[in-house]
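Participant: Each chain, letter by letter, is given below.
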Amino acid sequence: MEEHLTFIGSVTAQLVRAVPVTLLILAVSGVCATVLATGLTAMSVARSPLPRLIQRTWTFLFRGTPLILQIFMIYYGFAMVPWIRHGILWAAFRDPVFCTCLAMTCCCSAYIAEIFRGALAAVPRGEIEAGRACGMTGFMLLRRVIAPSLIRIALPSYSNEIIMMTKSTSLASTITVLDITGVAQQVIAHSYRTLDVFCAAAALYLLINATLSTLLTALERRLDVDRAPTPLAPIPPTLEPLS
Amino acid sequence: MSKTLRGAVLGLAVLLSLGGARAADLPPRTVVIGTEGAFPPWNITRPDGTLIGFEPDLLQILCQRANLRCQLVAQDWDGMIGALQAHKIDVIADALQITPARKAVLAFSLPYAVTTGVFVTQKDSPLARMANRDLVLDLDANPTPEHQTQALAALREELRGKTLGVAISSTYDGFLDKYLADVITVKSYRTMGERDLDLLSGRIDLTLDDTTYLRPLLAAPDAQDLVLVGPELIGGELGAGEGFGLRKDDTALAERLNAAIRSAVEDGTVRRLSLKWFKADATPTLDAHPGAAAGSPQP
Amino acid sequence: MMDDLTLLGFGPDGWAPLLLKGCLLTLAVSATSMAIGTVLGVLLAWARLKGPRWLRRTALVYGVVLRGVPELLVILLLYFGLPSLILSLSETFGWEAPGLPPPFLIGSVSVGLVSAAYQAEIFRGGVGAIPRGQFEAARAMGFGDLMCFHRIVLPQVTRIVLPALGNVWQFNLKDSALIAVTGLSELMRTSLVAAGSTRHPFLFFGVAMALYLVLTTLSSTAFHYGGRYSNRWDRG
Chain A
1 MEEHLTFIGS VTAQLVRAVP VTLLILAVSG VCATVLATGL TAMSVARSPL PRLIQRTWTF
61 LFRGTPLILQ IFMIYYGFAM VPWIRHGILW AAFRDPVFCT CLAMTCCCSA YIAEIFRGAL
121 AAVPRGEIEA GRACGMTGFM LLRRVIAPSL IRIALPSYSN EIIMMTKSTS LASTITVLDI
181 TGVAQQVIAH SYRTLDVFCA AAALYLLINA TLSTLLTALE RRLDVDRAPT PLAPIPPTLE
241 PLS
Chain B
1 MSKTLRGAVL GLAVLLSLGG ARAADLPPRT VVIGTEGAFP PWNITRPDGT LIGFEPDLLQ
61 ILCQRANLRC QLVAQDWDGM IGALQAHKID VIADALQITP ARKAVLAFSL PYAVTTGVFV
121 TQKDSPLARM ANRDLVLDLD ANPTPEHQTQ ALAALREELR GKTLGVAISS TYDGFLDKYL
181 ADVITVKSYR TMGERDLDLL SGRIDLTLDD TTYLRPLLAA PDAQDLVLVG PELIGGELGA
241 GEGFGLRKDD TALAERLNAA IRSAVEDGTV RRLSLKWFKA DATPTLDAHP GAAAGSPQP
Chain C
1 MMDDLTLLGF GPDGWAPLLL KGCLLTLAVS ATSMAIGTVL GVLLAWARLK GPRWLRRTAL
61 VYGVVLRGVP ELLVILLLYF GLPSLILSLS ETFGWEAPGL PPPFLIGSVS VGLVSAAYQA
121 EIFRGGVGAI PRGQFEAARA MGFGDLMCFH RIVLPQVTRI VLPALGNVWQ FNLKDSALIA
181 VTGLSELMRT SLVAAGSTRH PFLFFGVAMA LYLVLTTLSS TAFHYGGRYS NRWDRG
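Protein chains in written order, with full-length UniProt numbering: chain A, 1 to 243; chain B, 1 to 299; chain C, 1 to 236.
Treat the hints as calculated values from the structure; they're not laboratory data.
Heads up, some of the hints might be wrong.
[As the list claims (entries may be wrong)] Quick list of simulated restraints, FRET-style, between CB atoms: (1) VAL65/C / VAL136/B: 51 to 59 Å; (2) MET1/A / LYS88/B: 50 to 58 Å; (3) GLY226/C / ASP249/B: 56 to 64 Å; (4) THR185/B / LEU223/A: 42 to 50 Å; (5) MET1/A / ALA128/B: 46 to 54 Å; (6) THR185/B / LEU24/A: 28 to 36 Å; (7) TRP83/A / GLU91/C: 53 to 61 Å.
[What the hints assert, rightly or not] According to the in silico footprint, chain C covers these stretches of chain A (three or more CB under 8 Å from chain C): (8) 54-64; (9) 148-158; (10) 168-178; (11) 181-190; (12) 203-214.
Because the structure is a prediction, the values reported are computed rather than measured.
Note that CB positions come from ideal geometry on N, CA and C, so glycine has one too.
Can you make the complete structure from the sequences, with help from the hints?
Facilitator: And the structure:
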């Protein structure tokens, strides 16, 4: 029993050392995907058909294929393309963490853009018209009227997407990254104590997700202008309808 | 006349194929043999479902000599030992290295091939000039010869700080842990294919695998940038050659197969087939492996 | 180019038959896991809505855990953990050790378990979307629980949840690619094996992506028409 506890303790310590890798992938791809999604959202409401076509193709391509396949394509597929393999880009593509972040940025930006698009459509027309009536145009209208509403509307779905992304970071382990899942598999290959190791890893993911979801719920409540803050339990992540 | 001649030729062929073994007086027996069908060039499944490779070829001859009616079935490596214990199959033929760890759960036939582990790197890598290419390090050698100790020390120095890729749970885990793990970075891949792609792209500096797997790989037109380097490894944690896995209580089958293997080794059948499939002679020296015989006391 | 065509053809060196078989296996695994997810999801939703307190709690914890842990980890846990669990159980109780579950079963069960957690939320939401008044009216007319479910919940919930189930199906289809790590030769695994052994990863992953796009597009079209069909009596 004591030996068992010591083992779990040492495994947990090993896994905790891999948490920064998981968080790094999450942070980099989370920020990049959000920025890219903003651009895609803008393209989706553009007047000319080309940007709209690009946005639609992007969404179709990245939401219609599994992320693991996208990761393998970028990691193994691109490595065999001569101009990447022998060009200056190789310094980046050589690194599996970069490849994971790139794949997750592309994939998750497609999902986040759909969330933003839905939220944009839900911004009350009246608010925008009122803004126009007050003489606001372009950027001012966006910053003062559209963005605040959009963020409030999109935040719950956006939080879900972040939780989904945290889970997706585990795919990095399939291309040799030693994130939490990668380290867990490494430990198992040497100790064969599957249940203990995977349960410890699962607990770490739950902890990360619970923290993130608490933070995001708190943010939601802060931004909620209509309702007085009431103490609510953190909302567990749910799958949002996508289209 | 022609009938007589044909009869004589047939008789000679039978005599030859029996190789002088006692198999003729043994009653026929039906044996189910499990193989992976996905481990070229040992066993390969063709798109139409038939099994080809070194082992199917060899088994055809061995079964004839041991008077066995053999049925070859393909199944995943994962469940193979379980299927053997459950009597679903009687023999495992899957390039199974006779390692001490496996001998705890299985009985082995005599080795029907012995293959070495070897390193592969890229031609433009500094490792391409690794020393001792002509040396075969026998990790079982006791006492260890001086030049072997030196070669292992040199290997450690040459590989210091390098990244080596292997397939997960490979035969080489034990060796790497014991001799190199503290000086190199080991990257584990789920399949050999993934590992090979990263070797080609240069994400890993080198790999360690069986010569029978690596030689055909190096012969492929898109693997021209790869080269075999450093000493070849055999014995110890790497195992004492490839043998058939058997149930520990099935000594009768072990004896039949051992006699057939012995005859196939002695008359050059193993040499011929290994040259055909491996492009190298993998004939084992049977007297050097008394411990590999089935039914022998376990260490 | 000729080379690529040979590799993707039906000839002796062509991977087309195996890739198509992989597609079928992907569909089969996704459908099985969807079915497991629906059955378990309905039970979980029932437990959350009508179960006794301890069952409500259990269902809640199940949902939080299965939606908070990476799918890959669930699959790996079942794939590596189940055999040792079965073995230790059979040792403890002195059963004869049963054979190990095949990868197909492990894969569909693990994706199904995750799917159930999401489907439970959808069914719960679906029942919640039925106006309270209808239940009160049913009770007033002397409907029992079963009758209520059969006449009021079932016809409406199916219609309400269908679009959301379509989303879960898409997720199942894509999650099934993760089963590749267990060695089941579905589409992802087949493309990986082909990429590794021919050393043309760009080609084969590209083809696999195209095939997944076909599968997702076809099934979303099917769900779209299914939705139209189930809404055929809806006006407005």
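Participant: Taking the hints in turn, state whether each one holds.
Facilitator: Hints, one by one, checked against the model:
1. VAL65/C / VAL136/B: 51 to 59 Å: Between VAL65/C and VAL136/B, where Cβ atoms are some 53 Å apart, the hint holds.
2. MET1/A / LYS88/B: 50 to 58 Å: violated (38 Å)
3. GLY226/C / ASP249/B: 56 to 64 Å: holds (58 Å)
4. THR185/B / LEU223/A: 42 to 50 Å: Given range 42 to 50 Å: holds, Cβ gap about 46 Å.
5. MET1/A / ALA128/B: 46 to 54 Å: About 53 Å separates the Cβ atoms of MET1/A and ALA128/B, which means 46 to 54 Å holds.
6. THR185/B / LEU24/A: 28 to 36 Å: violated (19 Å)
7. TRP83/A / GLU91/C: 53 to 61 Å: Holds, since TRP83/A and GLU91/C (Cβ atoms, about 57 Å apart) stay within the stated range.
8. 54-64: holds (count 4)
9. 148-158: Our answer is that it is violated, as 0 residues pass the Cβ test (under 8 Å) against chain C, missing three.
10. 168-178: holds (count 6)
11. 181-190: holds (count 4)
12. 203-214: Holds, because 4 residues of the segment 203-214 of chain A bring their Cβ atoms closer than 8 Å to Cβ atoms of chain C.
In summary, the structure is inconsistent with hints 2, 6, 9 from the numbered list given earlier, while agreeing with the others.
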